[in-house]
Each structure stands twice: as structure tokens, then as C-alpha cells.
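Following the hints, put chain B in place on chain A, whose structure we already have.
Listed below are the residues making up each chain.
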Amino acid sequence: MAVLVIAIAARRNLFSVVMLAGIYSFLMASVLVALDAVDVAMTEASVGAGISTVLLLAALYLTKGEEAKPIHRPWLPLAVSIVVAAALVYGSLGLPAFSDPAAPIHAHVVPRYLQESLRETGVANVVTAVLASYRGYDTLGETTVVFTAGAGVIALLRLRRRAQQRKDKP
Amino acid sequence: MRGDLVLRVVAKLFIPFMLLFALYVQFHGELGPGGGFQAGVIIAAAVVLYALIFGLPAARRLVPDRVVESMVAGGVLIYAGVGVAGLLLGGNYLDYFVLDRNPVHGQERGIFWVEAGVAVTVSGVMLKIFYMFAGRGRDPEDV
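Taken in order, these protein sequences are the chains called A and B.
Quick note: the first sequence, position 157, residue 157 per my numbering, numbers continuous.
Positions in the second sequence are counted from 1; adding 1000 to them yields my numbering.
Only chain A is shown next, with the shape it has when bound in the complex (with noise of 0.2 Å):
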């Protein structure tokens, strides 16, 4: 996955860039699957892959296909990304080991999931449990927020063309 990162960085390409990112979905959506996260590989899969790499080629079909060339130098853009990084990573040295059932976010109310959801939803997923029963208003959130993306790109795309419209009429 870092040679990916590298090349995609690397291209100026744009078609090839997208393809790249396709592939980089992809692998994540294989790490989630070893990480036994099948739900989220699958969003990951059909939205990373699918769906966001033909968007991009539809929105590639409107640009050139190459990128151009940067007017800054790299440097400073570069510096803040390694520091950002760096302390990313001492943050993550602090956190429990992989899968430690002592850690606390496993202590405070996953035990009670796991054992009752079966019992007080007849759900056997209890990722579908969580989610569209404990956690129900966060999901009324998540779907509200889909709902205001579509409508704001709605709003914005129909905008222009009414406003090309206004200008070609007179």
C-alpha cells in the first residue's frame, strides 16, 4: 500500500492516478477483511472502488487528463505532513494493544452488546444490531447527512446550469 501512496503521488497522469486509488480501495477493503471488519470491507469496496473511481473518471471526462505542474515547492506541505504523521504515530504508541480485551473501549458497554443483542433484538448481526437499534439516532444522523450531501450537490450543480442558462437567453 505505500508503494501505491508513492506512485500515486508520483503520476501526473490523472487516469492512471484514479486507477491507482481504485486499487488502494480495494486493498484496504482486504485489510478490513483480515481484521475480521466484513461490513465496513464491503462499504469500502463498493463505495471506494466503485462507485467514487467512476465518479472521478466522470469528473476526469470534464478535465485534461494530466495534472499540472505545482507552482510552490513541496517542502512546507511536506514538513507539515511528516509532523502531522509523526505525532500520529507517538499518539497511536500510547494506545492498548491490538485486540486487548482489558482496554477500555472493550469494558464499557461492548460486553453488554454482545451478549444481550441476540436475546433483546433477535438480531445475530451484531453490527446491524448496534447500529440500527442501540446506536438508532446516530444512524438517523448518518442518513440525514447522506441526504444533505446529495441535496447540496443537487443545489450546486443545478445552480450553475440555471445561472449558463440566464446568460445564453439574452
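Simulated from the structure, these hints should not be mistaken for laboratory data.
Computed from a predicted model, the values in this text were never measured in an experiment.
Just so you know, even glycine gets a beta-carbon here, dropped at the ideal spot from N, CA and C.
Heads up, a few of these hints could be off.
As the list claims (entries may be wrong) - Which bits of chain B does chain A cover? Going by a derived footprint, with three or more residues having C-beta under 8 Å, they are:
(1) 1005-1019
(2) 1044-1057
(3) 1063-1075
(4) 1113-1120
As the list claims (entries may be wrong) - Part of the chain A face toward chain B, derived, beta carbon under 10 Å:
(5) Ile51
(6) Ala59
(7) Val84
(8) Ala87
(9) Gly91
Showing chain B alone in chain A's frame:
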């Protein structure tokens, strides 16, 4: 790509199975991986594939813009309606226990409708965004 026989035949073979898989992901989400969000994206992907092979106007005739736009809002309304139904039946907002005499069945019913709402909104938004992006460069009157 409209003239390519192989693509057309393969797409025609694939799209029913994609829709079937989306329904499987939707209704089997209680037992296996998946749920409304994934199912919605797969439904949208099937229509996007149709649009890629047979052209955007054909897809627009199949799933018109008006349907897609009402899906965008309708899913949220289904979700919120489940909450209101809970209120009317004497529970709290988004409380599924009151939806059936047996609380566990009420939960299942609530989760089913909530997931359906998520799927409808997600596939509507994905399709709408795709239509707007893909329709831009071609003929601005058609968007």
C-alpha cells in the same frame, strides 16, 4: 461503448444478479455482513453499470430523475417515520419495542424498515450524484 456486443451481453447477464445480491445484502444483513448502506450502494452500482454500457439517456429513461430525487428524500422520511410510528404506538422516538406485541419481533420490524430507509436514501443520492456528474459535459439541457 454502446456498440460492443460482448459488453452488452455481459452487462445484461450481470445486472439482475447485482440487484439480487443487493437484495440479499439488504435482507440478510441481520444475519450476515451487510445492511442498508451497502445494499443501497450496490443498487446504485448496478444502474451505474447500465448507464456506462447502454448510455446515460437509457439509464435516465429506466430510472428517471424524479424517481431518484424522491428516493433521496423518501429514505430519510421512512427512517424518521419509523420513529414517529414508535411515538404513536406509545413508545419513545425510534423505540422499536412497541412496533409489535412481541418486543423482539418489534425490534426486527423496526430494524427492517430503518435499513430500508437507509438503502433508499443512499442509492438515491449515489445515483443522483452520478447523473449530475456524468451529464455535465454532454448536453447541459438534459441535466
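Holds or violated: A:Val84 as interface residue toward chain B, Cβ cutoff 10 Å? Result: violated, 29 Å to nearest chain B Cβ.
Would you check whether A:Ala59 satisfies its interface hint, that is, whether its CB is within less than 10 Å of any CB in chain B? A:Ala59 check passes; min Cβ-Cβ to chain B is 6 Å, inside 10 Å.
Interface hint outcome for A:Ala87 [beta carbon to chain B under 10 Å]: violated (32 Å)
When the nearest CB of chain B is found for A:Gly91, is that gap smaller than 10 Å? violated (29 Å)
Between the stretch 1044-1057 of chain B and chain A, are there enough contacts, at least three residues with CB-CB distance under 8 Å, for the coverage claim to hold? Three-residue rule met by the stretch 1044-1057 of chain B, so holds; n is 4.
Can you take a look at whether the stretch 1113-1120 of chain B is actually covered by chain A? Rule is 3+ residues, C-beta closer than 8 Å. holds (count 4)
Does the interface hint hold: is A:Ile51 within less than 10 Å of chain B, judged Cβ to Cβ? Since chain B brings a Cβ to about 6 Å from A:Ile51, closer than 10 Å, the hint holds.
Per the coverage rule (Cβ-Cβ under 8 Å, at least three residues), is the stretch 1063-1075 of chain B covered by chain A? The restraint on the stretch 1063-1075 of chain B holds, since 4 of its residues have a Cβ under 8 Å from chain A and three suffice.
Taking beta carbons only, do three or more residues of the stretch 1005-1019 of chain B come closer than 8 Å to chain A? violated (count 0)
Against the hints set out earlier in the document, violations occur for numbers 1, 7, 8 and 9.
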